[in-house]
Structure formats: C-alpha cells, structure tokens
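**Student:** Each chain, written out:
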Amino acid sequence: MREVAIIASAQADNTATTTSTPVEMLIPVIQQVLANASMTKTDIGFWCHGSCDYMTGQPFSFVSAVDALGAWPPIIESHVEADGAFALYEAWLKIQTGEIDTALVFGNGRSSSGDINRILTLQLDPYVVGPLWPDDRSIAAMQARACLESGVVTERAMAEVAQRNHRNALTNPKALRRGDHSIEALMAAQLVADPLRELDCPAHADGVTAVIIAAGDRARGLAARPAWIRGIDHRIESQNLGNRSMTTLPSAALAAHKAGVANDKIDVAELHAPYTHQELLLTSALGLSEATTINPSGGALCANPMMSAGLARFAEAATRIMNGTADRALGHASSGPWMQQNLVCVLEGE
Amino acid sequence: MSDDVLRIRTPISIKYQYSAGPRVSSHLLGLMDGRFVGKRCPVCELVYMPPRNGTCAKCGALLGEDVEVGQRGTITTFCVVNVPFLGQTIKIPYVSATILLDGADMGMQHLIQEVDAADVRMGMRVEPVWRPREEWQPSLENVLHFRPTGEPDAPFESYAGHL
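Top to bottom, those sequences are chains F and C. According to my numbering, the first sequence is numbered sequentially starting from 71. According to my numbering, the second sequence is numbered sequentially starting from -6.
Just chain C, with the same shape it has in the complex (with noise of 0.2 Å):
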C-alpha cells in the first residue's frame, strides 16, 4: 500500500475574454469619470445600479436608458467582518454594507470606513471617497470606500422597498 500514488497534481490553464457586455460598458465607462451610471428597465422602471447583466432579473427584460444616480447613498443593510481570511486586505473588524444610492431602486455592495464598526446602522447616509483620478480604472474599486456624511439618518420608510 505504501507505493500507491494517493495524489497527483495536474495544472489546468485556460484563458478567457469576458465581455461585460454593451449595458454594463455604459456602467463602467461612467466610473472612469466618477459617475455612477445605472439603467432602467423599460418595463418596471426600476433603477438597477450596477446593472447587473444587462437584464432587469424581475421583467426578463433587457435593460433601457442610462440614469445616472446620486453620488450619496444610504445603508440598507451591512454586516461586521470578524474573520480573517486569506488574501485580506483590511484590518478587521470592518464593515460590508449594501448601499442604496441615491436614485437607484437596488443596492450595491461596497466598504463602509472611517467611521467605528459599532457605529454603523440601517439608514445611515454615506458618500463616497474616490482614488486619485489618475489611478481610475472602469472599475467600482475607484471607489475606495464609502464615508458617512454625517446626514441625519433617513427614515426606514425610505429604504423598506429595497431591502
């Protein structure tokens, strides 16, 4: 038994060209110039930010006009990283919150910082802090982190649609 092979390795290497596609191109095209570029759905008129694949999930429709949304948002959900992991890059504990720009119907996910993990909370208006304009890329990581404003926090009422 102690001559068996138990384990090989056997590399694998395939290489891919992803398309974001023509919808989610307007997207990030608007990131290279600090915009946040949405689209809406032609038949629910929701306000998808990012726009996911090109298509509202709700219609099975292909997604319509660009809208440009708010650069301010409000927390609508978050959760306290405690854990580390391999290959992380902040120190713990921080927070991952779902962001409800301003003008858009979904939330996005980013990084809420400068601020206590204790002290972050449903309804907390938050804006975000952009790299050096030089090192943009059509990307949502030229988005550093969102920062809270120090706004009153919005009412739940506000957000309950879009949880």
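Next up, chain F with everything else stripped away, as it sits in the complex (with noise of 0.2 Å):
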C-alpha cells in the first residue's frame, strides 16, 4: 500500500440558501484549498467530485462543475453521485494505482434548491417504499422510535448528543446552527416528527469542501504535518429496510474494524450523523470510548451540507491532526437511509 495523506482542506461557509450557481459556489473553495497547499492546479494529478443531480433537478448537472477547475490543458477527473468523501475515496484508490501521487477532491451541494426532506425520499427502493414518499425525516423518526422503544438511546441521551454539538459550533464559524441549550428545554421543545425535534435533525445547508491528498514524500513535501489515511473503509447495508436492523449499524462497524480503529486510542472522531440518536448508534458501532472527542466542529447536526458533509468531516479530523491538536483521527461518511453506508477514515501525524 502507498501512503497517502490529507494535506490541505478548505470549506465555504454553510449557509440556508444562496443565489449563486453550485459553479459560482465551488470556484471560491476550489482556489482556496491550492492556496492552502501552496499548489496550482498543473500541481493536481487527479481531480475527483461528489454531487447528487437529484438536488440540482438538473440531469449530468455535475458535468458544469468542470467548468469552475480551468480544465485547459484538459485533466484527468471524475465523479461519483454521493457525498465527496466517497470520491476521496476513489482518489485514494487511483493513487494507490501509482497512476498519479496528488489528488484535489470536492463535494458540493445546495440543499435549498428544493425540499431536500423530499427529494431524499427518491434514495429509497422506487416499488414499494418511495411511492408512499415517507419524508427523510420520518424515516430517520421510525428509526429513532425502535431505538427508543428497545432501550439503546433514552430521550435524554438524544437531548444531550444535540446540547454538545451545538454547543462545540458555537466555535466553528462555518456552522449554520450552533446555541448554548439546557436539557430540559431541549426535551421541551416541540416534536417535529416524533419522537425528534427539531434540533435531533440535521441543518441542512448549501455548502462546498474540497481537500488535497498526495502520497508518501510528496505529502512530507506540502504539509509540515501530514494527516496520514492509516485505514479507510467502506460498507454498505441492504436497501431493503425491512432487511434492515434499526437498532444497530453493522456495516459501519465492520468498516471500522477493517479501517482499524481499535487498533489505538482515537483522540478526536468526526461523524456525519445526521440525527442525534444516530449519533449515539455510530459512536457504539464504531467502538468509540469517552476517551474521544466527539464532533469539536457541531458535526452534521449543525451543518449538513449535502453532498460535502461527509467530506467536511474528514477536513475537520485531518485539520486537527495537522495543527497537532490530535495523534489519531477518525473521519466519518455516511448516506442513504439509516445511515445505509459508512465510510471510516483513521488518520495519524507522525
């Protein structure tokens, strides 16, 4: 296996709406993440995006997303329909390929171009399940609700999963929702789709991530720091949610075993869970002890940028490995219903 590091990372800030086009939107970020890497983009050997055309109602939408990385002379890309963690994914296999030894990676959205509670209703199985168009919501709620009733999560474990990343936001400055709440108005406050309220669901957002990763001495050469991708893994669960358990997350617990989180102590874990009992199913998925910080950043409860939330994760959990405020890392991607699929990144300093 080569080694690969993340090097460099840049986020827009997340924000309700925008008016700019998801091209306007990514170009600021694009530049900023080679700025931070004292790099340009003939430095780049390989360009990879995430983005979902279903968000945009525009079919091959991802294909203007060329336009904002000045592909003359023309570059090697491309890009899957998923989360940008997904894609960095792919440009870590492609440089262990020894095809190429950097790779820029981006994920975009903007979820307020229509009702993104609805249009994550068309990521569920068309014949049975879609056509009764439960909303995201209530499917993570039916979700929550089994949790609940089995006695894996209380109500007030939920309550103090939201008060901790709202709480961590109040200091990231890209967050869309942060606030210092007590338990007892937290478990007070209005049901939105029971057993959640509003501030167990995700804020989602308009937002863009991008991150440079590169291997071996060229990582040494870019960053005084590297974030190195020790383990990464990814699993996926059956469509079918009456396959499905509602209670435990078995393919991210897999994916951390194969990524070797228990292999030591994880200082710091970022994790795209969208809900808060969610949350708490991937953190006991995950093997997470209280020995790690959760979410420093408010996570994907304070800001979930479609599309490059996943990948804001893994930007947050290398930004603290590269500043030193952490040895050992973990970055989380999730998609799909109940968090069908987990990507598990584990990333050291040296």
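Simulated from the structure, these hints should not be mistaken for lab results. Ideal placement from N, C-alpha and C gives every residue a C-beta, glycine not left out.
Calculated pairs, DMTMM-like style, for lysine to aspartate or glutamate (alpha carbon to alpha carbon, straight line, at most 20 Å):
(1) Lys51/C with Glu147/F
(2) Lys8/C with Asp205/F
(3) Lys84/C with Glu134/C
(4) Lys8/C with Asp185/F
Examples of chain C residues toward chain F, derived with CB under 10 Å:
(5) Ser12
(6) Gly14
(7) Val17
(8) Asn46
(9) Gly47
(10) Ala54
Using the hints, put the two standalone chains together into the complex.
**Tutor:** Next up, the structure:
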C-alpha cells in the first residue's frame, strides 16, 4: 500500500440558501484549497467530485462543475453521485494504482434548491417504499422510535448529543446552527417527527468542501504535518429497509474494524450522523470510548451540506492532526436511509 | 405468469427553485432591455455571451465585468433539422446555428429563419428579430430567430478562432 495523506482542506460557509450557481460556489473553495497547499492546478494529478443531480434537478449537472476547475490544458477527472468523501475514497484508490501522486477532491450541493427532506425520498426503494413518500425525517423518526422502545437510546441521551454538538458549533464559524441549550429546554421542545425534535434533525445547508491528498514524500513536502490515512473502508447495508436492523449499524462496525479503529486510542472523531439518535448508534458501532472527543465542529447536526458534509468531517478530522491538537483521528461519512452506507477513515500524524 | 405484475406507475413530483446566479442575472436583465450583455473573464479576457454558469471554463475563474456585445453576428456553424419530433413548433426543414455576436468570443445557439435552409452557410451575417417589446421576459426567447442581414459574408479567418 502506498502511504497517502490529507495535506490541505477548505470549506465554504454553510448557508441556508444561496443565489449563486453551484459552479460559482465551487470556485472560491477550489482556489482556497490550492492556496492553502501552496499548489497550482497543474500540480494536481487527479480531480474527483461528489454531488447529486437530484439536488439540482438537472441531469448531468455535475458536468458543469468542471467549469470550476479550469480544465485547460485537459485534466484527469471523475465524479461520484455521492458525498465528496466517497470521491476521496476513489482518489485514494487511484493513488494506490501508482498512476498519480496528488488529487483534489471536492463535494458540493445546494440543499435549498428544493425540499431536501422530500428529495431524499428518491433514494428509497422505488417500488414499495418510495411510492409511500415518507420523507427523510419520517424515516429517521421510525428508527429513533425503534431505538427508544428497545432501550438502546434514551430521549435524554439524544438531547445530550444535541446540546454538545450545538455548543461545539459555537466555535465553528462555518456552522449553520449553534447555541447553548439546556437539556430541559431541548427535551421540552416541540416534536417535528415524533420522537424527533428540530434540534435532533440535521441543519441542511448549501455548502462546498475541498480536500487535497498526496502520496508519501510528496505529502511530506506539501504539509508540515500531513494527516496520514492509515485505514479507510466503505461498507453498505441492504437497500430494503425490511432487511435492516433499526437499532444497530453493522456496516459501520465492519468498516471500523477493517479500518483499524480499535488499534489505538482515537483522540477526535468527526461523525457524519445526521440525527441525534444516529450519533449514539454510530458511536457504539465504531467502538468509541469517552476518551474520544466527538464532533468538535458541531457535526452534521449543526451543518449538513448534502454531498459535502461527509468530506467536511474528513477535513475537520485532518485539520486536528495537521495543527497538532490530535495524533489519531477518525473521519466518517454516511449516506442513505438509516445510514445505509458508512465510510470510515483513520488519520494519524507522524 | 399471466397474473404477475409487470409494470407499476409511481408518479414523482419535486419542485425546484432555480437560481441563475448574479452573473447570469445581469445577462438576463439585459435581455429585458433588448440588449445582449455578456461577461469578460478577468484572466484570459475572453467575452462569454451568454455567460454560461458565470464562470470561464478555460480558466476556472468567476467572470468579471459586463460587456454589451453587438446585435449583429456571424454564423460560425449550423445544422439543418429535417427530423420531426414531439413538441416541434417550427416547420422542417429549419436551421439551428451557432452565432458569434460582434464583440463576443463564444458563439450562442439560435434559430435562423427568413431564408431557405439550403442557402444558410458559415460566415453568413445575421441579425435578431425581437418579439414585440410587451412580450419581453428575462429570456433569450425574446429573440424569435435570427435572419440574414444581406451584408457580405465574414471571412473564415475572422471567426476561425471561435469555432
């Protein structure tokens, strides 16, 4: 295996709406991540993008994103219909082939183009579940109810997750939602999809994240303290909700095992758990202990820019390695109903 | 087997709010005044008309200042549409052309009418035929079509770099 590290990242401010086009949103972030790495576009061997046409409502909308890259002379690029974190996984594989040494990975989405809770319905099985039009919150609420009834989570524990993330977001200028809420106030708040309250649900946002990864000595030359990818693994569960466990996340547990999460202490974990009860399920599946600081950024609860929120978790985790505040960090991205897909990445300093 | 369900209908309806973005908006507002407003790339200085997504694809840069280009232009390339299709509103054969407006660096696509399709050629000079002003919207559809001006053809060298 070739050694690969995250050496730079950049994020747009997460906003509730924007009037810019997706391509206009991309350009400043692409330019910023190159500047952060002291690189120019000709230093990049491979470009990989994550986005979703259903969010823009335009087929092949990702093609126009290439306009943001200045693809002249021609570049080598690819796209995944998924969060940018999965584009990072593709770029990591591309580096493993030996064809390239550097890659710029980015994810973007405008959640505000439509009703995102309804758009996410389209990721459900289109024959027997999708036609019932359960929205994203309703699907998550079914899972939360099952978790409460079985006792794997409590309403108080969910409120504590909301409290911690919103407090952490107070120091994250990119977050969309933040605040210092008492447990009592959180538990007394109105239900939006029983048993979920507003602050149990993700703050869907318009956003962009870009990350540069590089191999071996190239990474050492580009960053003082690269965030080395020591393990990365992607596991997927059945699309059929009836085949799924509602109270455990076996795919996340398997990805964590394969990525070597338990090999040593994790200082910081950035988890892409959109709902409060999901963070509790995920923390358990990943085997994280109280020694791990979870979501110092405020996580997806405080800013969930669809198609870049997972890559933003990787960026946040890598930043804490690169600035020396952590030695071993975990970045996590998810996708699909009940966190159907889980991508786990272990990052280390040296 | 004859009782198996072979097909189901599952209607999907999602509403989207499209935003043109600040750069394309200045172009669309220009059309409300009967003007063709493009934008210049601050890096390579090419004039985009229309200004695409507000970006220069060559440089990966946000487009800069507004540039009003001419009303007349040159056909750089074209095709004759002979195939009928659902929703077709124009009698075939008709011509769809790429038109390089005077002062622009990128061609735009529009219809060529008021001329026999067989007489349309590269280099032909054309001008817009606008709808009545009271029908104008922020849309290139304010131009019904382009038609020949009768000027001498533009020499190939004048548009060779814009094909």
